[in-house]
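With the hints as extra help, turn the sequences into a complete structure.
Protein chains: 4
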Amino acid sequence: MIVEFSVVPIGRGEALSGLVARVVDIVDKSGLPYQLTAMGTIVEGEWDEVFGLIRLCHETMRGQASRVYTHITVDDREKTSGRIKGKVAEVEAALGRALKK
Amino acid sequence: MIVEFSVVPIGRGEALSGLVARVVDIVDKSGLPYQLTAMGTIVEGEWDEVFGLIRLCHETMRGQASRVYTHITVDDREKTSGRIKGKVAEVEAALGRALKK
Amino acid sequence: MIVEFSVVPIGRGEALSGLVARVVDIVDKSGLPYQLTAMGTIVEGEWDEVFGLIRLCHETMRGQASRVYTHITVDDREKTSGRIKGKVAEVEAALGRALKK
Amino acid sequence: MIVEFSVVPIGRGEALSGLVARVVDIVDKSGLPYQLTAMGTIVEGEWDEVFGLIRLCHETMRGQASRVYTHITVDDREKTSGRIKGKVAEVEAALGRALKK
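Residue numbers (the working numbering), protein chains in the order written: chain Y, 40 to 140; chain X, 40 to 140; chain H, 40 to 140; chain W, 40 to 140.
Source of the hints: derived by calculation from the structure; they are not laboratory data.
Quick caveat: nothing in here was measured; it's all calculated off a predicted structure.
Warning: the hint list may mix true and false statements.
Within a straight-line C-alpha distance of at most 27 Å, the following computed BS3-like cross-link-like pairs (lysine-lysine) qualify [as the list claims (entries may be wrong)]:
no., chain 1, residue 1, chain 2, residue 2
1, H, LYS68, H, LYS124
2, Y, LYS68, Y, LYS124
3, Y, LYS68, W, LYS124
4, Y, LYS124, W, LYS68
5, H, LYS68, X, LYS124
6, X, LYS124, X, LYS68
7, X, LYS68, H, LYS124
8, W, LYS124, W, LYS68
9, Y, LYS124, W, LYS124
10, H, LYS124, X, LYS124
Rendered as structure tokens:
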């Protein structure tokens with residue numbers, strides 16, 4: 040399955056990149072395929088590994104902030120590997136052209 | 040923590056209430072405090088119990104549909120009990136009046 | 040269409056009920072059917088009226104906080120009226136029993 | 040502001056890339072800065088231009104499917120330009136290294 044998530048601390052000021060970097064470091068070291076975007080992290084794996092990772096990210100942030108909002112979107116379909124890039128490639132194929140990156 | 044989630048099957052037609060009812064039945068039998076709304080289910084509990092429940096709901100729906108989107112929002116703050124109704128009551132108190140139900 | 044939204048100020052502390060109350064007051068005075076839940080506000084109407092309302096709520100919050108996250112979920116289907124309560128009633132009918140409120 | 044959105048048709052089968060391509064084509068021709076990811080489209084602009092675009096995408100999809108879910112997340116902060124790549128760069132700077140792309 041492919042999962043996007045974001046972990047937002049409330050009450051820690053508006054500049055979040057330092058706190059977010061700690062979370063991204065955990066994702067980077069997890070070994071799971073992922074992509075960091077301006078709005079969250081997209082990760083691919085089985086339920087246990089993905090939600091184990093999200094829990095670790097969430098609890099790390101909760102250690103830094105007394106209130107945390109975490110948003111998670113799961114797209115679960117038979118084919119489960121290579122979809123972080125594969126889904127974009129499918130849309131480009133249907134569109135008949137590459138999109139600017 | 041308080042968590043809202045929705046489990047949406049793709050490709051099973053547009054009338055989803057029968058499929059959603061199976062999921063709500065699982066929530067109802069979990070014993071966790073919850074509220075069903077027009078847009079999802081709000082549930083309260085610890086990470087393990089809440090995410091164990093969401094996984095069961097998600098996998099039950101995946102047994103009925105080959106593609107499932109599940110959206111989850113976690114609001115995690117120190118005080119963890121009685122917040123499904125408590126958060127609405129706090130807003131009403133700040134507003135200085137009750138809202139129509 | 041039926042729309043759930045939440046407006047979260049970042050960097051204004053963790054107790055948000057006072058700020059949220061201002062937003063709910065705007066919703067209450069809009070005249071649109073709505074329900075306040077622990078995780079957001081569900082409102083029903085046409086695109087222009089719903090998104091005009093959400094914009095007003097978002098900008099009011101931005102007047103109070105230098106960074107605001109707003110989450111919006113639209114469920115748009117032919118039948119457009121009475122669905123805040125109607126969708127829950129449909130699930131209860133499919134389930135064959137009322138859910139505790 | 041920076042906004043992520045996804046437009047999901049219900050009841051049109053599970054392979055959505057053809058329908059999604061139509062929506063992406065609209066985004067591509069809007070002239071707004073954007074990024075297509077595996078989980079949605081991230082776009083940057085003022086409220087009117089971003090929500091005008093999302094409405095057009097949503098209504099185009101509704102022309103193809105009798106039920107459509109649209110999810111929108113707004114991150115609205117003072118600095119409003121160049122943040123699709125800028126937010127990722129800030130996290131990499133805080134992390135002290137580049138992330139694999």
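Practice item. Please flag the earlier hints that this structure goes against, numbers listed from lowest up. Key: none
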